[in-house]
Amino acid sequence: MYSIDHNDLGTPAAASIEPVTLEIDDSPVTVPAGTSIMRAAALAGRRIPKLCATDTLRAFGSCRLCLVEIEGGRGFPASCTTEVAGGMKVRTDSARLQQLRRGVVELYVSDHPLDCAGCPAEGHCELQDAAANLGIESSRYSNGGATQRGFAKDASNPYFVFDSDLCIVCSRCVRACDEVQGTLALTIEGRGFGSRVSASQHQPFLESECVSCGACVEACPTAALMEKSQIALGAPARAVTTTCGYCGVGCSLKAEVKDATVVRMVPNRSGTANKGHACVKGRFAFGYATHADRVRRPMIRERITDPWREVSWDEAIGHTAAEFRRIQRMHGPDAVGGITSSRCTNEETFLVQKLVRAALGTNNVDTCARVCHSPTGYGLKHTLGESAGTQAFTSVMKADVIVVIGANPTDGHPVFASQLKRRLRQGAKLIVIDPRMIDLVRTPHIEAAAHLQLRPGTNVAVINALAHVVVTEGLANDAYAEARCEQDSYRNWKAFIADARHSPEATEATTGVPAALLRAAARIYAAGPNSAIYYGLGVTEHSQGTTMVMGIANLAMATGNLGREGVGVSPLRGQNNVQGSCDMGSFPHEFSGYRHVSDSATRGLFEAAWNVNLASEPGLRIPNMFEAALDGSFRGLYIQGEDFVQSDPNTNHVIAALSAMECVVVQDLFLIETARYAHVFLPGSSFLEKDGTFTNAERRISRVRKVMEPIAGLADWEVTMRLAQALGHPMHYAHPSEIMDEIARLTPTFRGVSYEKLDRLGSIQWPCNDAAPDGTPTMHVGSFVRGKGKFYLTEYVATSERSTSRFPLLLTTGRVLYQYNVGTQTRRTANLAWQAEDRLEIHPDDAESRGIVDGDWVGVTSRTGDTVLRAIVSRRMRPGVVYTTFHFPESGVNVVTTENSDWATNCPEYKVTAVEVVKVEQPEAWQVRIRAERSTGFSPAMPSA
Amino acid sequence: MNIERLVAMANDIAAFFATEPDPDAGAEQVANHLRRFWEPRMRDAIRRFVQDGGAGLSPLARRGVERL
Chain A
0 MYSIDHNDLG TPAAASIEPV TLEIDDSPVT VPAGTSIMRA AALAGRRIPK LCATDTLRAF
60 GSCRLCLVEI EGGRGFPASC TTEVAGGMKV RTDSARLQQL RRGVVELYVS DHPLDCAGCP
120 AEGHCELQDA AANLGIESSR YSNGGATQRG FAKDASNPYF VFDSDLCIVC SRCVRACDEV
180 QGTLALTIEG RGFGSRVSAS QHQPFLESEC VSCGACVEAC PTAALMEKSQ IALGAPARAV
240 TTTCGYCGVG CSLKAEVKDA TVVRMVPNRS GTANKGHACV KGRFAFGYAT HADRVRRPMI
300 RERITDPWRE VSWDEAIGHT AAEFRRIQRM HGPDAVGGIT SSRCTNEETF LVQKLVRAAL
360 GTNNVDTCAR VCHSPTGYGL KHTLGESAGT QAFTSVMKAD VIVVIGANPT DGHPVFASQL
420 KRRLRQGAKL IVIDPRMIDL VRTPHIEAAA HLQLRPGTNV AVINALAHVV VTEGLANDAY
480 AEARCEQDSY RNWKAFIADA RHSPEATEAT TGVPAALLRA AARIYAAGPN SAIYYGLGVT
540 EHSQGTTMVM GIANLAMATG NLGREGVGVS PLRGQNNVQG SCDMGSFPHE FSGYRHVSDS
600 ATRGLFEAAW NVNLASEPGL RIPNMFEAAL DGSFRGLYIQ GEDFVQSDPN TNHVIAALSA
660 MECVVVQDLF LIETARYAHV FLPGSSFLEK DGTFTNAERR ISRVRKVMEP IAGLADWEVT
720 MRLAQALGHP MHYAHPSEIM DEIARLTPTF RGVSYEKLDR LGSIQWPCND AAPDGTPTMH
780 VGSFVRGKGK FYLTEYVATS ERSTSRFPLL LTTGRVLYQY NVGTQTRRTA NLAWQAEDRL
840 EIHPDDAESR GIVDGDWVGV TSRTGDTVLR AIVSRRMRPG VVYTTFHFPE SGVNVVTTEN
900 SDWATNCPEY KVTAVEVVKV EQPEAWQVRI RAERSTGFSP AMPSA
Chain B
0 MNIERLVAMA NDIAAFFATE PDPDAGAEQV ANHLRRFWEP RMRDAIRRFV QDGGAGLSPL
60 ARRGVERL
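As they're listed, the protein sequences go chains A and B. Be aware that the first sequence starts at 0, since it is given in numbering that gives the first Met the number 0, and climbs by one per residue. Be aware that the second sequence starts at 0, since it is given in numbering that gives the first Met the number 0, and climbs by one per residue.
Think of the hints as simulated: they come from the structure by calculation, not from any bench. Possibly wrong hints are sitting among the right ones.
[What the hints assert, rightly or not] Here are the computed distance ranges between Cβ atoms for each label pair: (1) B:GLU27 to A:ARG869: 37 to 45 Å; (2) A:GLU309 to B:LEU67: 30 to 38 Å; (3) B:GLY52 to A:GLN724: 31 to 39 Å; (4) B:GLU65 to A:GLY603: 46 to 54 Å; (5) A:SER597 to B:ARG47: 52 to 60 Å.
[As the list claims (entries may be wrong)] A few chain A positions that, by computed beta-carbon distances, are all more than 10 Å from chain B: (6) ALA43; (7) PRO203; (8) VAL239; (9) ARG563; (10) ALA600; (11) ALA627; (12) PRO709; (13) PRO747; (14) LEU792; (15) THR793; (16) VAL796; (17) GLU898.
Just so you know, these numbers come straight off a predicted model, no measurement behind them. Backbone N, C-alpha and C fix where the C-beta goes; we use that ideal spot for every residue, glycine too.
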């Protein structure tokens, strides 16, 4: 069932813009060529009945309910499969058509009796509507559903039920799985009356290949596939359009609500980022918002070993302000700082950095993007001129070659992955550069042309080798590079990269990538003609993360793959508002719009607007804050929506730093791991409880709209405002729209953004200003933002983290589809049905030599610490490399990662840790304790270390 | 500040700018990076470390720090 306020047009929009005029029921209608009669009629307000059609799926023409008459034509063609033609005269209703349609519907209801009372789809069932419109209450052919009824419901999936009794075998679910999601997990098995929808090999949904995206549920015209939440709560009454709070795709969703309860989440078919699709997290995993673990009252305590004491908002805010001021009096203004969150809105992150800079008088503000995509900001700013991806997601549909580097889109960015897979099924070539065989390498109807399975830590050697082939084989686009880039930098770079030390043959021993395969990949990329690079944290989270981003930009500039659709350099951001939090001035050296704090003109703008003097020196970054805490010069920290203790590397080091501080303030939904070391806890609000905006990986600013009241009484932006007031720097905003107005006044790339425009356009890709009033889908068209593109020399420097006889394996980390980041949200949903623990993937050769089999507990030891995980023996990794995720606190994966970091940005080197793995009998005692706490309720008074 | 960590970070920065053919320009790029991204107490710590001998810093990193 699609969204309750969706106006379904039956078939997708045509690609053409050429107008065609026809007559439908005597009225002229003009639509693009290629439009179906069904869609043209719907656009003209004429509803043609249908069952097998919906506007996210290609026309199928099976139900025969949408028949029409065409003057001069023979028979009664299906309006879904018949395209409009100039001068065509169509009649959508007549006595003959009614007779035909009644016959069709009678046949359907012969096997699907109209006993609609009590059906969860009642009022929203397309078969019920069709029957009612034709006046059908029973069927001449009825056998009471004898051939269809009596099958057991499949309730294995935690979020939806498949009730074959209610299925009309229209194939919409099967086609949604094929066309929208691209998993091809469903089929119709059997023939005639024996036809049944089947998941994989006639398996329960939970055990099948189904990835639970829910596209089938949304496509179902009856209640055969139905959300359990709707069955339990009843039909929703209203829909609120908002933006998903999970990954950087930023899907537009409709929260469908009954009273004050969210019944279900449905992707917005007008959503530009997601085109009416969602994933298992965005569509289904919203239950955390009302989970019993939510903290509903502020709390304080003197020492982190004390129990929490619930207090009023006024007391918590007043206590925090007093503590921060006390610390600043004793240790100076720079002894405190704040952290903004990529899980919070643009408006909230802007306010936190404003509070730190203006109210606390320091630039000690940073954001969790520090530990993920900070190298993207540095690398793309220096080469191209802007700290952001270059394309819109839809650009991928014009790509001929798609390179995926250090990203796993089907797990981390599943809705974009569906679009990407659609393009690959159309014939685009795929190159994967990843130490792990991600699903994209080989998936239904898709096989990568090349998988460069490099050793962790050798990215720069690989990108240099690719560029070496391009340059030395004469595959560079010299005309483009010389016209669009600094000529000196291009010449220097060409000479640098042409050196034999960068050749695939010379680097093969280092990277582990066969030279011939690498040469083939380089030729494919250079041939394009449209070649696009998508990358993730496998690029950035290295000691040479920034160098690699620059290497990617170099390669794209050298081949002319920037500045138009179908090409580009696109970072896939992990969290929903990574781009936005960076844009909003969350970094300690930059104001919003990526302007350095030492720039007196920019600083003057903010000083005038905020009526304060601002510091001109860069502040501490997150890892620097920890070091300063340990030396006693940093003692107070306001953390909005970030769980350092679980997400940052070298956990014991982080714990030691937090434990050394005097006032740690955590503002979050739950008592996260970091809260164990906090003195003040301020309850946060989920994305359902506030207004604001998120900016996704394609620079798209989208509205977040309040669906329910904040559980603890205040939205996050209101909490920050109160804290600013208590610190003596009052902020006066009646609504987040006023914060956005201030952002627009102070930030050139946001100059034209307002809530009014966002409501009018749906979303806006920045830059949005006088030059681009409706936003900028593709950047660097005609020229680069910095004027001329600049090539940087990207020498490969091996990480100091190397395998040794003591630590012979390299550990790298990633994500799974069903959990999100540190799992704070998804661990509190039924997504646990798919993944309830982090596991260590190990190659059979490495497992065998250690006596490890599937499911064994294994100890993982590095130079920083050790932890215990369960093993999965897998050939996804090459020998010598092991892999795990970091979604569960009891896994303690970051106990073993190191403090190594990117040279330019301090982004941690999560992707390379030398470890040893041995079989053990059981997890560590602290892991058992944390797991027990998680399953039985948190024990906040007990620190873990 | 943990000086060992700062030395490692400065050396990593210098390793990137070591591709600059003009050593003076390379040292200035290291210094400029430290000015733009290192908080004053970090710069103070590495400066003092160089004044005390600076053992462990690469030559380019050292020249960069000396320009602060």
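Here is how each hint holds up against the structure:
no.	hint	result
1	B:GLU27 to A:ARG869: 37 to 45 Å	violated (52 Å)
2	A:GLU309 to B:LEU67: 30 to 38 Å	violated (49 Å)
3	B:GLY52 to A:GLN724: 31 to 39 Å	violated (50 Å)
4	B:GLU65 to A:GLY603: 46 to 54 Å	violated (32 Å)
5	A:SER597 to B:ARG47: 52 to 60 Å	violated (22 Å)
6	ALA43	holds (59 Å)
7	PRO203	holds (52 Å)
8	VAL239	holds (42 Å)
9	ARG563	holds (30 Å)
10	ALA600	holds (16 Å)
11	ALA627	violated (7 Å)
12	PRO709	holds (35 Å)
13	PRO747	holds (20 Å)
14	LEU792	violated (4 Å)
15	THR793	violated (8 Å)
16	VAL796	violated (5 Å)
17	GLU898	violated (7 Å)
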